[in-house]
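Trainee: Chains as they are written, first to last, in numbering that gives the first Met the number 0: chain A, 0 to 561; chain B, 0 to 572.
Hint data in this document are derived by calculation from the structure and do not stem from the laboratory. Any given hint might turn out to be false.
[Unchecked claim] Facing chain A, a subset of chain B residues (Cβ under 10 Å, in silico):
| hint | residue |
| --- | --- |
| 1 | A59 |
| 2 | A180 |
| 3 | R197 |
| 4 | S212 |
| 5 | T387 |
Keep in mind it's a predicted model, so treat the numbers as computed, not measured. Backbone N, C-alpha and C define an ideal beta-carbon position, used for all residues, glycine too.
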Amino acid sequence: MSAMIENLRRMSGRSSDLVERLAGLDSAVQAADGRLDPELVAQGKALVARAGSRLKLSGDHTVVALAGATGSGKSSLFNALTGVDVASVGVRRPTTAEALACSWGPDEAGELLDWLGIPQRNQIDRTKLAGSSPADQGLSGLVLLDLPDHDSVEVSHHIEVERLVQLADVLVWVLDPQKYADAAIHDRFLRPLSTHADIMLVVLNHVDELAADRVDACLSDLRRLLTLDGLDDVPILATSAARGDGLAQLRAAIADRVAQKRYARERLAADVRVTAGRLAEQTGDAAPRDIGAAAGGELLDACADAAGVPVVVRAIESATTQRAQQATGWPVTKWLSRFRSDPLRRLHLDTVTRRSLTGSSDSAVDSASRISRTSIPQPTSVQRARVESAVRAVADNATVGMTRPWATAVRTASTSRLGDFSDALDSAVAGTDLGVAKDPAWWRAVRGVQWALFVVALVGVLWLAALAFFAYLRLPDPRSLDWHGLPVPTLLLIAGVIGGLLVAAVSRVAAGASARRRAQRAGQRLRAAIQRVCADFVVAPMQREMDAYARCRGGLTAALRR
Amino acid sequence: MSTAAVAPDLVSALVRLRATLADCDLPFEAADAPAARIERGNLVKQLDDYIIPRLQQIDAPLLAVVGGSTGAGKSTLVNSIVGAPVSATGVLRPTTRSPVLVHNPADAHWFGSDRLLPDLERTDRATGDQGALQLVGTDQLPPGLAVLDAPDIDSVEQRNRRLATQLLAAADLWLFVTSAARYADQVPWGFLRAAAERSTQVAVVLDRTAPGSVREVGSDLARMMTERGLGDSPLFTVLESPVDEAGLLPAPAVAPIRRWLDSLAADESARGEVVRKTLSGAVASLGARTRLVATALASQEQIAARLRADALRAYADGLAGVDEATQDGSLLRGEVLARWQEFVGTGELLRTLEDRVGRLRDRLFNAARGRPQPAQEVTVAVETGLETLIVEHAESAAERAALAWRTLPAGAALLNAAPGDIGRASRDLRAVAERSVRDWQGAVLDLVRTEGSDRRTTARVLAYGVNGLGVALMVVIFAQTAGVTGAEVGVAGGTAVVGQKVLEAVFGDQAVRELAEQSQRDLHLRVEQLFQQECQRFQDVLDQHTVSAGAAEQLLEAVRNVETARWTSEPSP
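Starting from the given sequences, assemble the full structure and let the hints guide the process.
Mentor: In structure tokens, the structure reads:
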């Protein structure tokens, strides 16, 4: 469809107002597809297609249709205007069964007539017939249609009339003194087309049947009815095909419209106005909002809770503390802590984090396929309910002031992907680098110090043991080493043990702090990952609807601008 | 139907049918509703205006209604038949707005508003009012015949069309006027088809015809009449001729019509035959027409039932969802579990087993730090969890109910007309849910207190504190599966076991089970009540339009009675 619009833009050369309006309507209709009333959307699509094909066809021709009830004298007027007796006139009702077309002018109107669906046998080229008068020169470019009736028992006629009334550029409604107040024409055609007043003419035919003094009364009553229909300014002409009254004026009015060559566009512009107006009614005028900005806070908290972030964060804190103690504890006692299970391993987060370190991507969603499920407990019904409430709240905030169809579209989109949401959240948690894979450097340093102190203590013990052994064998004492009067081996032992315990104690405090820091950092990373999942699963679908809304509004503004 | 054979059975059956029809309402949007509403209105009007009064006064003069298109010359024709300008004529359409009934002065008593067309006010002057019937008595018409000039059936004036339909339905004889320009119009033929279907007696007048085209148009119209089942109806032709200063056509132009009417007026049996045919046709048509209304009414009942069921099901599902979530232990995980473990872990519950000092110290410590009591925190966590559950389930129930309603045009119309957006939970639901969860918690504590007032247990209850036991009871309830407490209650059960043990120690095994069941039922009832209130919003919308159950069946019953009465009162077909 947009290819067609591009084509039209090229053809019209300069930027044409109508083409821009059509482009606006086209994009609005595309955006509204599946969201607004399907009938209206289909109508909009049909209009864009129709307008596209009409604009591609001859712009030099103006299609003028004579429409009216059976017996109002459409065919008589047609014959009078063409000057040839081609349309059959008669007293049997309905007389005209198929639309008849007569074209004037230098250019062939064949293609246009085919588009109008007028069969070849009903097409007349006035210029090829004999007896053209100078008056016909003025009508050059006219395609005059004689339509069947809209009110007889022949329903096929009504359908043909409705089809051609949609396609004609100028509509001439032929009424007569008997039928001018019929509901059939006012309710079905004139009132619904009150938006198309500019392209309409009303003719009161058969005025010869009225007494001369009653013509004005009849005309003013007709004017009253037209005003009630919303057609205040439509020109009314009084004619009599039989007597020839008003024919010159009618011919002049038609010639004037044909010469202006703008009525084809005028008609389409009116159509665009009506359809875009109806769409605008359903669309409303609330400003589109940015969903991303609205989705934060409570939604993120609820998702983090559902994804088990607090559980993971707590696990990281205790696991890090435990590992730090293992790395930095006093070597004599720290083996004891090996019997305690690692909380992260229990959640199956340990292996994953190690692997994700080696992977190049740290994006949770990219690596989702490689990641197995964690053993974080499934979100409970309360947590799920909280997430759904939060999503609903985001949708509610985003759709304040929007019309019902659009608000429904956004709300439906908001929950459209919640089915896979908890899996995605879990993958995001599993795929996040928790920053616990690598042990900090100070752990190794402390471990070195611990081992050094352990060796010192060991040396002291061995030394003391050696001294004891010597004493036991009554061997002479080796020369003892003193330091400030205290024996060195004893000092070594005491310094080693106390130093080890001290270092263990100090690093325990440090480990606690670093575990908290790590947990906090991991919490931030997890929340960032969850935010990305939220963006994909909650915000993106809503944003798509919001973008469509913005496109629809933009298109309608372009289509309806003054 | 002779004058003597006024059938009291038939009349009373018709009166009942009329009352049943008047009572049945078709409030919901459905494909067959608009047509059925119109038919119902027409039926009631025709029974009131024509069938019932006509059956009761079978001797009343024959009423010929002159109807047809605007501009066909009905009023001119009536004036010319009567021979006096009784109805206004003109070129402005529609000319006649208020109907004019012309009758012989001797027949005047037949046309009071108690007898015919009761909802039209009687006047003796011309008015432009569609609610008034102008009565004109003139010697020009023979006794036993009345002519009514009706408004048009096809002008922009909608009230004219409605009134004309009503008047034609009240006619013994239609004088249907059309013109050379009109005779193939769709609208009049719609009326003529209905007349043919109901064997209403019709005479067609082809008015305003140019002398040159009388033959062709006349034969074409006769062909159309035969095709459409009116081959037996008389067809009169009136030439387009200049009117005199009084607006009357020359007498010869309308002479054939006048002659025909006079002969009808003079011949009582011929007149009775016309009346009988039209009346029995009208009565016979009641069956099919009423069944159409009854079918639509039955589908209205179905719509109402389905909408109600949809709303109830959505909320029943929501309630089941809440029940499940409060019983499968999932409520115990997350926040509640953490607070419960804290409560148990800080030892408030267990420490009381060992020493009072510990608890006192804890209390003092917590009070000094400004922290709430752990038991209180569990209560708050339970409250938040339950409230979230209830609100979310109510919200999605409203959504599901609205979605189900929108699949039916009637439901969509009701939702659009409903005050506020009932497709969402009510605005104050969160507050209401919070209050009812609090009430429930209060009731649980009361329960524990009452149970503990027993002498045997008072001391032990005091030892643990009512709050602690209440919390333990809530936790036990949430860990229950289908009312069975025990060890096999899943992941969360493990923690609940502690609470269970403590409760059993205080109250005994059987009492705990009863307590748990009682408070669970209490919770269920409170949530149910809340959901009922929510669901009530849908029901209220539905209850604004009532379709009484069995209305369609009553209608069918009434029409069957009419048919039976008709066959017994009218043995000849």
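Trainee: Does each hint hold? Answer for all of them.
Mentor: Results of checking the hints against the structure:
Residue-level restraint check for A59(B) is violated (minimum Cβ-Cβ distance to chain A is 33 Å; threshold 10 Å). The beta carbon of A180(B) is positioned within 10 Å of a beta carbon in chain A (closest approach about 4 Å), and the interface hint is therefore held. About 19 Å separates the beta-carbon of R197(B) from the nearest beta-carbon of chain A, more than 10 Å, and the hint is not met. The beta carbon of S212(B) comes within 4 Å of a beta carbon in chain A, closer than 10 Å, and the hint placing it at the interface holds.
Contact between T387(B) and chain A, as hinted, is supported at the beta carbon level, the nearest pair being about 5 Å apart and thus within 10 Å.
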